[in-house]
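Chemist: Sequence:
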Amino acid sequence: EGGRFRPVTVQLDASDAPLRVLVDLTARAERVAGQQRTVLTLTAASGGRTALASALSFNHTDNPRQASPQLPDKIFRDEAGVIDRITSGPYVFTVGPGDADGIDMRAVDLVLRAGTGSIDERAAPAGYTLMGVGLAGLVLSLVFGRRGGGHPQNPNSQPPPPRWGRGGAP
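When the letters of the sequence shown are read in order and numbered with my numbering, they come out as residues 1 to 170.
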């Protein structure tokens with residue numbers, strides 16, 4: 001609206017940590033990255049303390065999303081970072097222009113994902129245990145599967161006897 005960036009205040013809780021911060025840029029362009037320049041800047045602050053400061057260049061956005069098939073606008077996404085520790089209270093997110101010129105920006109959207117990246121520490125040992133059990137089962141099936149001549153043969157593996165013609169019933 002009017003070519004201005006406005007700060008956004010978001011009420012966050014300590015249980016939202018870690019908070020992943022993403023920025024979607026809607027622009028009328030095929031690419032917005034150029035010469036390693038900063039397209040947007042983002043800061044997140046709470047209680048006068050900066051929690052996150054990031055320069056967004058959108059360099060790794062090779063395949064932008066399309067806002068609508070009827071519009072030429074493309075949506076580019078870049079990750080600003082992760083806020084690991086959050087104190088409950090209001091956070092002010094401020095997005096501003098960078099030093100890259102000639103980008104026809106239509107909109108900038110702030111995307112916050114709470115509780116991302118938190119991995120249960122018990123998952124890794126359980127995964128390794130299941131992989132070991134699977135490997136042991138594979139080895140046992142290969143070892144005992146080859147010498148087990150006592151397996152019954154599948155009755156459908158042989159064709160049925162002929163009913164007429166040579167060698168058939170009269």
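Among the hints, erroneous ones may be present.
[Claimed, not checked] Pair ranges (Cβ atoms, derived): (1) Arg106 with Val133: 50 to 60 Å; (2) Pro72 with Thr9: 45 to 55 Å; (3) Pro97 with Met131: 41 to 51 Å; (4) Asp99 with Gly48: 41 to 51 Å; (5) Arg37 with Thr9: 41 to 51 Å; (6) Gly137 with Thr38: 49 to 59 Å.
Source of the hints: derived by calculation from the structure; they are not laboratory data.
Virtual Cβ for every residue (Gly too), placed ideally from N, Cα, C.
Chemist: Can you name, in rising order, the numbers of the hints this structure does not satisfy?
Modeler: 2, 4, 5
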